[in-house]
Amino acid sequence: MSAPERKIKILVVDDEVQIRRALKAILTARKYEVILAENGEEAIDSAIDSIPDLLILDMALPGIKGIDVCRELRNWYKGPILMLSVISDDYEKAIALDMGADDYLTKPFSTTELLARIRALLRRVTPDAIVQPVINAGDLTIDIAKRIVTRDGKDIELTRMEFDILAYLAQNADRVITSKMLLEKIWGPEYAEDAQTLRVHISHLRKKIEPQPSSPRFILTETGVGFRFSLS
Amino acid sequence: MKTLKRFAEKHGYLFSILCVIIATTLFSPGRDYFAKGQWAFLYLLIVGLVAGFAGVKPALLTAILAFFTWNFFFLPPYNTFRIHDPKDWLSLFVFLVVAVEMGMQTGRMREHEAEARAHEREMSMLNQFSAHLVSDAPVADIAKLMMSQVMEMTHADSAAVYLADVEGKLYELLSVTNDDIPMEKSVNQIAEWAYKQSKAVGLPKIEKRSDPSVVGWPISATFDQAGAEKERKDLFIPLQTAEKIEGILYIGPKTNGHSYCFSDVRPLIAMANQATAFFERKRLQSVAVRAEALIEANKLKSTLISSVSHELKTPIASIMATISNLTTEDMKWDAVAFQQELASVQDDLDRLTNSINALLNLSRLESEDWKPKMEWFDLADVIWAAVSKIPQKQRSRIEVNLPNELPMVRVDLMQIASALENLLINSLTYGPQDVPVKLGASEEDEYCRIWVEDKGPGIAPDERERIFEKFYRGKSSSRFSSGTGLGLAVSREIVHYHGGRIWVEDAIPHGARFVISLPIEKEPQLQ
Numbered sequence: 001m002s003a004p005e006r007k008i009k010i011l012v013v014d015d016e017v018q019i020r021r022a023l024k025a026i027l028t029a030r031k032y033e034v035i036l037a038e039n040g041e042e043a044i045d046s047a048i049d050s051i052p053d054l055l056i057l058d059m060a061l062p063g064i065k066g067i068d069v070c071r072e073l074r075n076w077y078k079g080p081i082l083m084l085s086v087i088s089d090d091y092e093k094a095i096a097l098d099m100g101a102d103d104y105l106t107k108p109f110s111t112t113e114l115l116a117r118i119r120a121l122l123r124r125v126t127p128d129a130i131v132q133p134v135i136n137a138g139d140l141t142i143d144i145a146k147r148i149v150t151r152d153g154k155d156i157e158l159t160r161m162e163f164d165i166l167a168y169l170a171q172n173a174d175r176v177i178t179s180k181m182l183l184e185k186i187w188g189p190e191y192a193e194d195a196q197t198l199r200v201h202i203s204h205l206r207k208k209i210e211p212q213p214s215s216p217r218f219i220l221t222e223t224g225v226g227f228r229f230s231l232s
Numbered sequence: 233m234k235t236l237k238r239f240a241e242k243h244g245y246l247f248s249i250l251c252v253i254i255a256t257t258l259f260s261p262g263r264d265y266f267a268k269g270q271w272a273f274l275y276l277l278i279v280g281l282v283a284g285f286a287g288v289k290p291a292l293l294t295a296i297l298a299f300f301t302w303n304f305f306f307l308p309p310y311n312t313f314r315i316h317d318p319k320d321w322l323s324l325f326v327f328l329v330v331a332v333e334m335g336m337q338t339g340r341m342r343e344h345e346a347e348a349r350a351h352e353r354e355m356s357m358l359n360q361f362s363a364h365l366v367s368d369a370p371v372a373d374i375a376k377l378m379m380s381q382v383m384e385m386t387h388a389d390s391a392a393v394y395l396a397d398v399e400g401k402l403y404e405l406l407s408v409t410n411d412d413i414p415m416e417k418s419v420n421q422i423a424e425w426a427y428k429q430s431k432a433v434g435l436p437k438i439e440k441r442s443d444p445s446v447v448g449w450p451i452s453a454t455f456d457q458a459g460a461e462k463e464r465k466d467l468f469i470p471l472q473t474a475e476k477i478e479g480i481l482y483i484g485p486k487t488n489g490h491s492y493c494f495s496d497v498r499p500l501i502a503m504a505n506q507a508t509a510f511f512e513r514k515r516l517q518s519v520a521v522r523a524e525a526l527i528e529a530n531k532l533k534s535t536l537i538s539s540v541s542h543e544l545k546t547p548i549a550s551i552m553a554t555i556s557n558l559t560t561e562d563m564k565w566d567a568v569a570f571q572q573e574l575a576s577v578q579d580d581l582d583r584l585t586n587s588i589n590a591l592l593n594l595s596r597l598e599s600e601d602w603k604p605k606m607e608w609f610d611l612a613d614v615i616w617a618a619v620s621k622i623p624q625k626q627r628s629r630i631e632v633n634l635p636n637e638l639p640m641v642r643v644d645l646m647q648i649a650s651a652l653e654n655l656l657i658n659s660l661t662y663g664p665q666d667v668p669v670k671l672g673a674s675e676e677d678e679y680c681r682i683w684v685e686d687k688g689p690g691i692a693p694d695e696r697e698r699i700f701e702k703f704y705r706g707k708s709s710s711r712f713s714s715g716t717g718l719g720l721a722v723s724r725e726i727v728h729y730h731g732g733r734i735w736v737e738d739a740i741p742h743g744a745r746f747v748i749s750l751p752i753e754k755e756p757q758l759q
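Chain order of the listed sequences is W and S. Going by the numbering used here, the first residue of the first sequence is number 1, and it counts up by one from there. Going by the numbering used here, the first residue of the second sequence is number 233, and it counts up by one from there.
Keep in mind that the hints are not guaranteed to be accurate.
What the hints assert, rightly or not - Here are a few chain W residues that sit away from chain S, every Cβ distance over 10 Å (derived from the structure):
id	residue
1	D15
2	A22
3	A29
4	E33
5	L36
6	D53
7	G63
8	W76
9	L105
10	A120
11	V134
12	M181
13	A192
14	S232
Said to hold, decoys possible - The calculated EDC-like cross-link candidates involving lysine to aspartate or glutamate, where the alpha carbons are at most 20 Å apart (straight line), are:
id	chain 1	residue 1	chain 2	residue 2
15	W	K207	S	E755
16	S	K401	S	E512
17	W	K207	S	E675
18	S	K605	W	D194
Simulated from the structure, these hints should not be mistaken for lab results. We put the CB at the ideal spot given by N, CA and C, even for glycine.
Same shape as in the complex, but just chain W (with noise of 0.2 Å):
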């Protein structure tokens, strides 16, 4: 007999009472214990009393803003946050993920792409800490270590800067990485608002590593804030 599992808890922070209201449900149907929070300050308290295995934020708050609860929250706490937006705030959205959120989700949303996310989010929280030296995905296979990328076996030349790019985007994995984060990392801090380079060369990255580059599998573009690798 193992122990019983310890309950997952997520907390959720949302001014609405019927997002409020509907998550729970979801999420409580689906054995997560669920924590609500109707603000900011009251986010932040619940975080420090109740320590969430995950957090779903909405940016719209009043008072203290999403984005800025994010940024407090990362100061000490490691779990994943997942922002919830409406449609109309792409740039946010990206600040949001610079600030240090993990992923969101454009409302509406159906529950199916929510649990999906979440699982997607636990699941990373451990093998995050070790880097691994090769990854696989698909019929690709991108060795960190030795720099080859190869597809099928076959070797695929990269300049240095695709490679860098394409490591990075792969080493995060089904993570949203902002133009800003990549351009920051690969460029330098001075690049970072540099993202129509950045899209060039994600182009012929396409070119090189996707079968069909206009409907690309392995590196998606989540439109007007970045980009993220998709490992299946």
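Based on the hints, put chain S in the right spot on chain W.
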């Protein structure tokens, strides 16, 4: 001949003296060949000549000079003013009278003729000017034309047109100076003063206000601000209608330093009056256009509100009906029927989401921050961004078929994506419900195409333009209640803004194919 004429006009008296001296020098060697009386006729000829060239006053001087020289050189005893024959006294005085009379008549005739010619010139200039006023020329063009004609007519060194703006504040529309010397600062102040007082500045005194050519003149006034006592040599003419003053016409001092006289001012006033009517018409026109635009915008808003509230209410009503049906206590639902009902709720919710997105796009389009921000994007990303905006359930009906590679394009991604989204929603809504909607793209030499194709009945040729108009709903769409009637209009606006084209054509074998074509620029070089 021309130089002679100009000289005579400018220095009339000198010309007169010279004529008499030359004539006398020429005549005197022959004074013994003709009778003494006959020389008088030759002198009369000179008087006529001077009158014709230089006008009345020099002619009178000539007459008097001739009177003395004839006496001195041709009436015996020669070279004295004394006269022997008493009959000569008589002829001498008759000569004077005739010469004076003749000089006056000829001189007047000349002056009338010159006046008539000037008048004719003014008239033709005015006619030409008014011909331009009838055309729909822009205000600045007319002001420019007026200034150049005024300067040509008066030989002024500068001119300017001031107009009142909508709030009644005077501003300088245009100004021209010879040799680009900047205009005096005081000109602006005086124009302001003249505008506020509705008074002209610098006009010559008008003797008889009853003179018909004076009726309608602006009230004459001289600018008498402290410290500016000297008479001004320039003119400020109000552009005045019966009820309102439209602006000020400024005419700088004459290049020759003379003041403006009555005959200078008359055509200027006539021209100013014509221009005033034009400026007034233009002002009223812009007021009318603005009012019309306002009415149009209000109409648009109310149509939009009614159309959108319908769009929002219908699915909500349908959801409420379904839910209340499901929650009726005495009903027992089997699982399949229950699922079906819930699926219809989901359809309605998708519809609501579409409408709200459309509304958001529209409100962004109306606010100023919807200026396209052109950046380089993968065309595939643009297409997928549009597809991802379609609610899940409808999205599954879209069959995307892209070529392996697509170019980079310089666009505003959000805008082109919503233009494409509108085409998708349009085809998903109006095409047959159970067949896929096809989405494709292609790359040509200088442009790329994105198209959305349905398997519906297609669009009749006479409707192909009109379906892109605001609130136009295709004839075949009347059986559908949904749609704001704005989607395609918004798409067209966006595509045109990007220098592209949008149209609808027949799909093969049948159906409608909506096409967006966008120009391709050269991809940016990477360092």
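Each hint, compared with the structure:
no. : hint            : in the structure
1   : D15             : 19 Å, holds
2   : A22             : 13 Å, holds
3   : A29             : 16 Å, holds
4   : E33             : 27 Å, holds
5   : L36             : 24 Å, holds
6   : D53             : 28 Å, holds
7   : G63             : 25 Å, holds
8   : W76             : 35 Å, holds
9   : L105            : 13 Å, holds
10  : A120            : 18 Å, holds
11  : V134            : 28 Å, holds
12  : M181            : 18 Å, holds
13  : A192            : 15 Å, holds
14  : S232            : 17 Å, holds
15  : W:K207 - S:E755 : 15 Å, holds
16  : S:K401 - S:E512 : 15 Å, holds
17  : W:K207 - S:E675 : 16 Å, holds
18  : S:K605 - W:D194 : 14 Å, holds
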